[in-house]
Each structure stands twice: as C-alpha cells, then as structure tokens.
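S.K.: Sequence:
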Amino acid sequence: MKRTAEVTLGIIGIILSALTALVGMFFMWISDSEDLKSFVMEESLNDPAVNPDDIDLALSFILGAGWALIIAAILGIILGVIGVITVKGNNKPKLAGFMFIIGAILVGVISFGFGFLPALLYLIAGIMCFARKPVEPNPSDEHLENF
Numbered sequence: 001m002k003r004t005a006e007v008t009l010g011i012i013g014i015i016l017s018a019l020t021a022l023v024g025m026f027f028m029w030i031s032d033s034e035d036l037k038s039f040v041m042e043e044s045l046n047d048p049a050v051n052p053d054d055i056d057l058a059l060s061f062i063l064g065a066g067w068a069l070i071i072a073a074i075l076g077i078i079l080g081v082i083g084v085i086t087v088k089g090n091n092k093p094k095l096a097g098f099m100f101i102i103g104a105i106l107v108g109v110i111s112f113g114f115g116f117l118p119a120l121l122y123l124i125a126g127i128m129c130f131a132r133k134p135v136e137p138n139p140s141d142e143h144l145e146n147f
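Oh and the sequence shown: position 58 is 58 in the UniProt record's numbering, straight run, nothing missing.
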C-alpha cells in the first residue's frame, strides 16, 4: 500500500516547521536590534500612557517567543523527518503515526499556537497512518489469476 498522502503531508509539515524556525530567528533579531529599541523608546515618550518598563517587558517577550518558535520548529522537523522515513515504503506506519501525533502536539503547544498549520498537517498524517490498513489479498482473486 502506498503512503503517498502521509509522506506528502509530512514533507509539507517539515517545510512549514522550517519557516516557523525562520520566523523565530526573525523575532530574536528584532528583540536584539538596538535601532528598534531606540525607535520604540522614542515613540513611547510621545505617549504618556506607555511605561518604559512595559517596552522592555514586550521586547523580552519577543525574545522568549523567538526561542519557543525555534525549539518547536526543531522538534517538529526532527519528528517529521522520523515520521516520513518510517512511513516511506510502509515499513512502520504505527511508529510514524506516533511520531506525527507527538510532533503535532509539541509544535502546537510550544509555539503558542503559531505553528498551527504544521501541527495540523502532522496530526492528519498521524491519523492517516493509524486509520489506513493494508489491503489483504482476496483468495478468490488468486483463483481468477490462475484461470
């Protein structure tokens, strides 16, 4: 039985996880940028309702979110690659299903829902690994082939 759908969903999930890692790196770059910090501080001086401590808190949150996205993406890539390798050729579809579902949960939770799309693709691929059963040959078909 071919597992083309599971492999395709897994590869697309891996690519989207890699893009999530790039977004996480962008968040880290933004939080480290001195130009951005000075720009935000200058703009906050124009608004008396904004506290400078809140700006620092927001920038540190962006840094933490960047790390969370990178960690979630790396875990998603690793588990996705393991899932694709084990499902390819219909070798171990149950193991691949577990890898895809664990990857879906970790990517979705660790990335605060930002990795929703790769998590959804991994979840669908994992469910398909469990739901699709190999086709058993029918003994009557064998009789017809000999005819």
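Don't take each hint at face value.
[As the list claims (entries may be wrong)] Derived lysine-lysine pairs resembling DSBU-like cross-links, with alpha carbons at most 30 Å apart:
(1) 2 with 133
(2) 2 with 92
(3) 88 with 37
(4) 133 with 92
(5) 94 with 2
(6) 94 with 133
(7) 133 with 37
[Stated by the list, open to error] The following label-pair restraints were derived from C-beta to C-beta distances:
(8) 55 with 8: 24 to 32 Å
(9) 113 with 44: 23 to 31 Å
(10) 41 with 64: 33 to 41 Å
(11) 67 with 91: 33 to 41 Å
(12) 58 with 127: 32 to 40 Å
(13) 63 with 89: 41 to 49 Å
(14) 5 with 52: 48 to 56 Å
No lab work stands behind these hints: they were computed from the structure.
What you are looking at is a predicted structure, and each value in this text was computed from that prediction instead of being measured.
C-beta atoms are modelled at their ideal positions from N, C-alpha and C, and glycine is treated no differently.
S.K.: Determine for every hint whether it applies to the structure shown.
M.R.: How the hints compare with the structure:
1. A threshold of 30 Å between alpha carbons decides the hint, and for residue 2 with residue 133 the separation of about 11 Å falls inside it, so the pair holds.
2. Under the criterion of a C-alpha separation no larger than 30 Å, the hint pairing residue 2 with residue 92 is consistent with the structure, at around 13 Å.
3. The hinted pair formed by residue 88 and residue 37 fails the criterion: a straight-line CA distance of about 48 Å is larger than 30 Å.
4. Restraint check for residue 133 and residue 92: the C-alpha separation of about 12 Å stays at or below 30 Å, so the hint holds.
5. At roughly 15 Å between alpha-carbon atoms, residue 94 and residue 2 fall within 30 Å of each other, so this suggested pair holds.
6. The hinted pair formed by residue 94 and residue 133 meets the criterion: a straight-line CA distance of about 10 Å does not exceed 30 Å.
7. In summary, the hint linking residue 133 to residue 37 is not supported, as the alpha carbons are separated by about 56 Å, beyond the 30 Å threshold.
8. Against the hinted window of 24 to 32 Å, the Cβ-Cβ separation of residue 55 and residue 8 comes to about 44 Å, which falls outside the hint.
9. Against the hinted window of 23 to 31 Å, the Cβ-Cβ separation of residue 113 and residue 44 comes to about 28 Å, which satisfies the hint.
10. At roughly 20 Å, the beta carbons of residue 41 and residue 64 sit outside the given window of 33 to 41 Å.
11. At about 35 Å, the CB distance of residue 67 to residue 91 agrees with the hint of 33 to 41 Å.
12. For the pair residue 58 and residue 127, the supplied restraint of 32 to 40 Å holds, since their beta-carbon distance comes to about 38 Å.
13. With their beta carbons about 42 Å apart, residue 63 and residue 89 fall inside the hinted range of 41 to 49 Å.
14. Checked against the given bound of 48 to 56 Å, the beta carbons of residue 5 and residue 52, roughly 52 Å apart, stay inside it.
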